[in-house]
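Place chains U and F on chain E using the hints.
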Amino acid sequence: MDTISQSFAVAMSMVAHLDPRLTQIVGLSLAVSLTATLIAALIGLPLGAATGIGRFRGRATLVVLLNAAMGLPPVVVGLLVYLLLSRAGPLGPFGLLFTPTAMVIAQTVLITPIIAALTRQFIEDAWVEYREQLHSLRSSWRQSVLTLIWDTRWSLATVLLAGFGRAAAEVGAVMIVGGNIDGVTRVMTTAIALETSKGDLPLALGLGLVLITLVLALNFGAHATRQWARARFG
Amino acid sequence: MGDVETVAGLPIIATGVDVVRGDTRVLKDIDVVIEARRRTFILGPNGAGKSMLLRVLHGLIDPTRGVLAWGDNRATRPPNQAMVFQRPVLLRRSAAANVRHALALAGIRGDAARLRVHGALASVGLTHAGNRPARVLSGGEQQRLALARAWALDPDVLFLDEPTASLDPAATRAVEDIVADFHARGTTIVMTTHSLPQARRLADTIVFMSEGRVVEQTEAGVFFNQPRSSEGGAFLEGERW
Amino acid sequence: MRGWITNIVLALGVLGAAAALAQQPFIVVASTTSTEQSGLFGHLLPAFEKDTGISVRVVAVGTGQALDIGRRGDADVVFVHDKAAELEWLAAGNGVKRYPVMYNDFVLIGPKADPARVAGGKDIAVALQKIAAAKAPFVSRADKSGTYSAELRLWKDAGIDIATAKGPWYRETGSGMGPALNTSAGLDAYILSDRGTWLNFHNRGNLTIVVEGDKRLFNQYGVMLVNPEKHPNVKKELGQRFIDWLVSPRGQEAIASYKIGGEQLFFPNAGSDS
Chain E
141 MDTISQSFAV AMSMVAHLDP RLTQIVGLSL AVSLTATLIA ALIGLPLGAA
191 TGIGRFRGRA TLVVLLNAAM GLPPVVVGLL VYLLLSRAGP LGPFGLLFTP
241 TAMVIAQTVL ITPIIAALTR QFIEDAWVEY REQLHSLRSS WRQSVLTLIW
291 DTRWSLATVL LAGFGRAAAE VGAVMIVGGN IDGVTRVMTT AIALETSKGD
341 LPLALGLGLV LITLVLALNF GAHATRQWAR ARFG
Chain U
145 MGDVETVAGL PIIATGVDVV RGDTRVLKDI DVVIEARRRT FILGPNGAGK
195 SMLLRVLHGL IDPTRGVLAW GDNRATRPPN QAMVFQRPVL LRRSAAANVR
245 HALALAGIRG DAARLRVHGA LASVGLTHAG NRPARVLSGG EQQRLALARA
295 WALDPDVLFL DEPTASLDPA ATRAVEDIVA DFHARGTTIV MTTHSLPQAR
345 RLADTIVFMS EGRVVEQTEA GVFFNQPRSS EGGAFLEGER W
Chain F
42 MRGWITNIVL ALGVLGAAAA LAQQPFIVVA STTSTEQSGL FGHLLPAFEK
92 DTGISVRVVA VGTGQALDIG RRGDADVVFV HDKAAELEWL AAGNGVKRYP
142 VMYNDFVLIG PKADPARVAG GKDIAVALQK IAAAKAPFVS RADKSGTYSA
192 ELRLWKDAGI DIATAKGPWY RETGSGMGPA LNTSAGLDAY ILSDRGTWLN
242 FHNRGNLTIV VEGDKRLFNQ YGVMLVNPEK HPNVKKELGQ RFIDWLVSPR
292 GQEAIASYKI GGEQLFFPNA GSDS
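Line by line, the protein sequences give chains E, U and F.
Residue numbers for the first sequence, in my numbering: 141 to 374.
Residue numbers for the second sequence, in my numbering: 145 to 385.
Residue numbers for the third sequence, in my numbering: 42 to 315.
Since the hints were made in silico from the structure, they are not lab data.
Using N, Cα and C, we set each Cβ at its ideal position, and we do this for glycine too.
Treat the hints with care, since some could be wrong.
Said to hold, decoys possible - Okay, the calculated bits of chain E under chain F, using three or more residues with CB under 8 Å as the criterion:
id	segment
1	234–244
2	314–323
3	336–343
Stated by the list, open to error - Listing some non-contacts, in silico: residues in chain E with all C-beta distances to chain F over 12 Å:
id	residue
4	Arg195
5	Gly229
6	Ser280
7	Val355
Bound-form chain E, shown alone (with noise of 0.2 Å):
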């Protein structure tokens, strides 16, 4: 217990200094997983959607595949990452290795299928309310599933935020592609396994606060927009 009150007092310190290293790994981890969750969106909100509402051979197999997807281990995902990256890699040339871009790549891969499974489902059970009445009105496909995905913008906000707790959470893919490099590519979860490594307890935990403070006040604020919008859309 000695060790968790202390960590509330290192946290409490370096939030109060407003500790120059600690605001800049919180600002990378923030940038690079609400990156990374906003390239998801972009690919994943459509995909959800076309297979949620598409008919075409092999529609039940890419849902197993999504679903299955979404417990991808983040450590698997940034050796694959890592490796497509790698100078030895076909990405090579880039030079994206140990580099915020290759963590956002990374977390995007990760939470991708994520967004769109879950996307998948909501549009699916809406599909099922709207098929009928779009038909009628001769909406396209295309149409239909911008209407759809529109219509359940508020559900899908909470995959959203699913999709950047994900990201916001985990430390093996940013590890590996990453490197952890001081002042480039270290964010929170990597200072924290690094300071849990060396034994420094009390800072890595106090890191910890930091960040479940950032994504429940982000969840909170969801939250209250979601409310005030059921109030004004219904």
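Relative to the frame of chain E, chains U and F by itself:
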């Protein structure tokens, strides 16, 4: 009535239409004619296939066998039709936005759309509710909004699948008035209902179905006095209980 | 909708930061976790950057992985402490030349209760023999690290074939130095550690240094430039400047001046044949 002017896409003529689901023939050898500008009501006991036939006529379901022809025999579904379901399906946006959405799908935007939205909402008595979220409206108001959406499209044919089954008498009356307005405008009405009094009030033609078949298609006045089929007679008998 | 705008701004921020980082010349150095955790880089690199304006990005992993990163051309310089593995790596054509830089030492860590009775000894081989005989709990990193290679060498020097002699008392964690120390503290076990990581390690539990000073415990560091003929992307001039600085009087003095709690950790020996 007695209008000589032809309407594009009408009459709708179904010949030998079968619909098979799995192992079951749900619609069997349907021959039916939907005349322009008339109010055709499809009646029958539960499971007769009324809703299925309505959807086939509107083009939501393709027949397994048989042919649908419209007016001058074009192969594709003519554009100007609309359908209202028993439970209105509305988007999570304002009432006016729902009507705008339908118009946008029909390629009507901007000022032309705005005019139609205004006119449609006015004709169903929902002008005051234009900016309210469609989903917070009452059941009756939502159904009227669905009708407004159809009104804005100015359809030649309006299909309605038991539109008042979930509504109270006042809301039912409001919906029936709107259907009458459609009819006055020249729209062909095709409707299913469980309510015989409603059919008596509104129908010109009765299509009576039983167990997936069209048993008879008769003038409403004739059907309610002297149905040509024994099933029709039995059905009307049941009403007296 | 506001959420999207924030995302875009942050994304641009990331890209902007990346672009800004790209302005200053930098090299990527693959090194080991124990070196980084000793805090040496925090002391050394600012001095190098001040002298040359070159920024150094250290990727700290196990020795095996560091050499693999170099082999793939994902780093410009490799800086590890496993001479045998380094020479093998060079022989395979992955690097240009090996320069000895400095040495530090390993220490045998153990519980104050000292079940194998090794505390205070000056002979690491004797200590290991006693531990194996007593089957006292011993934690091994068992990863491809310089520390692990050293540990295996020491068992061999003690005449013990650890592959057959190991039993439940010998715990292989497959982890870095810090986590392995954490495990030892939790198990009250013996463990071989580099002095730097130990001095920076705070979660000691009942552990203390039990054996030190034996010459066989000395740990030699070497630095190598990744072969630019194999990997044209290697920043050979900048990388060589780093190497030259490390072995220069200035760099060697910077290494010697790094102290934890007043104690020098690393002993410069560039130019020797170590």
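For each hint, the structure was consulted:
1. 234–244: holds (count 7)
2. 314–323: Our answer is that it holds, as 4 residues pass the Cβ test (under 8 Å) against chain F, meeting three.
3. 336–343: Contact hint for the segment 336–343 of chain E vs chain F: holds, 6 residues under 8 Å.
4. Arg195: holds (31 Å)
5. Gly229: violated (8 Å)
6. Ser280: holds (25 Å)
7. Val355: holds (15 Å)
Hint check: a violation occurs at hint 5 only; the rest are consistent with the structure.
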